[in-house]
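Chemist: Here is what each chain is made of, one letter per residue.
There are 4 protein chains.
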Amino acid sequence: MAKMTFIYGAMNSGKSLELLSAANNYDERQIPYLSMKSAVDTKGGPLITSRIGIERPVDIIAPTDINVRHRVLEEIELRKLGSIGALLVDEAQFLPREQVFQLFELVKEDDIAVLATGLRTDFEGKPFEGSTAFMTLGDDLKEKTTVCRCGRKARMNARLINGLYVFTGEQVAIDGDAVAYEGLCAEDWLLERAKSLAT
Amino acid sequence: MAKMTFIYGAMNSGKSLELLSAANNYDERQIPYLSMKSAVDTKGGPLITSRIGIERPVDIIAPTDINVRHRVLEEIELRKLGSIGALLVDEAQFLPREQVFQLFELVKEDDIAVLATGLRTDFEGKPFEGSTAFMTLGDDLKEKTTVCRCGRKARMNARLINGLYVFTGEQVAIDGDAVAYEGLCAEDWLLERAKSLAT
Amino acid sequence: MAKMTFIYGAMNSGKSLELLSAANNYDERQIPYLSMKSAVDTKGGPLITSRIGIERPVDIIAPTDINVRHRVLEEIELRKLGSIGALLVDEAQFLPREQVFQLFELVKEDDIAVLATGLRTDFEGKPFEGSTAFMTLGDDLKEKTTVCRCGRKARMNARLINGLYVFTGEQVAIDGDAVAYEGLCAEDWLLERAKSLAT
Amino acid sequence: MAKMTFIYGAMNSGKSLELLSAANNYDERQIPYLSMKSAVDTKGGPLITSRIGIERPVDIIAPTDINVRHRVLEEIELRKLGSIGALLVDEAQFLPREQVFQLFELVKEDDIAVLATGLRTDFEGKPFEGSTAFMTLGDDLKEKTTVCRCGRKARMNARLINGLYVFTGEQVAIDGDAVAYEGLCAEDWLLERAKSLAT
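So the sequence lines, in the order shown, correspond to chains E, D, L and Y. Going by my numbering, the first sequence opens with residue 1, and the numbers climb by one from there. Going by my numbering, the second sequence opens with residue 1, and the numbers climb by one from there. Going by my numbering, the third sequence opens with residue 1, and the numbers climb by one from there. Going by my numbering, the fourth sequence opens with residue 1, and the numbers climb by one from there.
So that you can see chain E by itself, here it is in the shape it has in the complex:
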């Protein structure tokens, strides 16, 4: 019986590294697998990348309006893989709920394991649709934490625009020139939020 596993955490908590490590395990065992990310994630191009210096091409870049279960089964057929050990999904927070439900069916009806990673919360502390769906339907939920500036566990995400913390705006703003993200502990995130909302 295949399982749906969701690894959640703040920015820079090593989530993609978990996928790359799993990919490496399947490679060593010569068991085929596929990887996927949402077309919403424009960062890094067609790669799964980890800050620690490892990357790997991604097999499927999924627009938000396709049936990803069908897309995966099609790709298995196309590549004549027969079956796969797992589907690895990066940046799963960007998937609409319908696509996560399609992956749930892929796990439970087609018996294909899904290992997905995603941000738990956006910069306002609100849920991402894709992550909520995975946390709601997943068999196993695992947390990755990183280190806050104060040394505590970082579980929240703060958005910086030109170096200033901001707590209002669009849910999705891919980090780049002006926009950056920082993992913070709840206490520091609430502190910066209070300061920012007070100005």
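I should point out that these hints are in silico values taken from the structure, not numbers from a laboratory. Take these hints with a grain of salt, some might be off.
All copies of an identical chain are treated as equivalent in the list; a pair is satisfied when it fits inside any one copy or across any two copies.
Said to hold, decoys possible - Straight line, CA to CA, 30 Å or less: simulated DSBU-like cross-link-like pairs of lysine-lysine: (1) Lys3 with Lys195; (2) Lys126 with Lys144; (3) Lys126 with Lys80; (4) Lys3 with Lys126; (5) Lys195 with Lys80; (6) Lys195 with Lys144; (7) Lys126 with Lys195.
These figures come from a predicted structure and were not determined experimentally.
On the provided structure of chain E, position chains D, L and Y as indicated by the hints.
Modeler: Leaving out everything else, chains D, L and Y in the frame of chain E:
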């Protein structure tokens, strides 16, 4: 540093029993605590109840439009408790997101531990607002599972009206005369869903 | 594929209540199961008991020198159960390593789920043979914690003889007239240990 | 309050990668930390290495007969670090129980977090002393799994000598020319064990 813990599971997975067991531990240690549930939950009256045959009065019944952080602090003051070991929250799926955020502040700013239990998904497999907020903000997430009719782990909730599985309707329908709920494994839930939606 | 699950914790952390709750779930589903405890545990007689006020007869009381895999299969045969949903094992710390290995084979070769509970450490902070074996071979390890006198999580066990903490002696001394146990947090346990060893 | 965290798993499950990822997080935050491994582990020299292609020098190589709590505090003093974010311990299975207890005191009395990784079982399915001590005293236990040749989760370790599975011998035999290890699921490990013991 207090923690926000969320125990999630399907119907009849022993979630309230976890709260009653924690209450018992605090009682034995003579450490004060408070319990709360949402006014939305009309079942069982002002009690936390477990199918195994244990129950306990609930201290605070919270309408959805009050600030629950203030309400808890007020109750601590009123009862001259000084401080409490934990706030125990039953049926947390019924809390609006704002109230869960208020409890998050209670944990992180007032250093009061919160232990909440709730259903992970509704009968359509969709997230409850309160549970999503707890899964998004909680420090520790723990799963309780129960047994499906087939012997596997039950993680999904099915709604029965007059003994028939239904997969459309209002999110909240408290179980009573005509309405019942049953924990099912994902496979059996998808099976009953397909049968029901086909008719 | 059946699983071996081990629930560990300090004294009075609600471990047996987990077994009683699981038993209740199987009863409601009318799925047969068996329960077992070691003959080393002379407390409570042929019952699984919880401080919260629930108890249930235990099906198999196992001397340390029998093959428990064979014993369980024999009992299934004897009672004409065909198969069981799970074997529930209380006070698993008292099982010798060989018996835990036999249960591991019961899970993996006979496809029978085992759910066991036990103390993680003895009063000196040393491992129990049975718990170590379960932690070494188990598929899922889950912790139950209780409340220390200071309000923190209790993970260690302290032994009291006539009300005084003691940190030397036999590993097994069933609580009764003179002997009592108390769950403490690591800090308080280390404190009492230092005071006791200093005298 | 610092925590003792133990990450356990079979060979090649990405345990050291977890340490390297944590080290990377501390580096990015410019929070000092120290790393340690046992002198028993002669593989890889004074490095923490991951099969995925990352490595990092190890700060302390500990003989089994020193007090590692004192050694760490001395190193903090020597390097004038003031305090550290964490002590990272690789190949923790090789530490004697006394050293793990010293690290427990380092966490609980000196408030220094310890993150250790180790093999859960030896090739005979028996516990390693160091891992048992960490599983017994740790605040958080996390599992890393890898992939069995059959695609299932690998949790057991098999030893191969010149390509043949062996199930008797010394507990410690560092992999090298003739000796290799392979992570297997319980079912496959029991199968190879039965075949090997039958010959």
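Chemist: Hint by hint, which ones does this structure get wrong, listed from lowest number up?
Modeler: 3, 5
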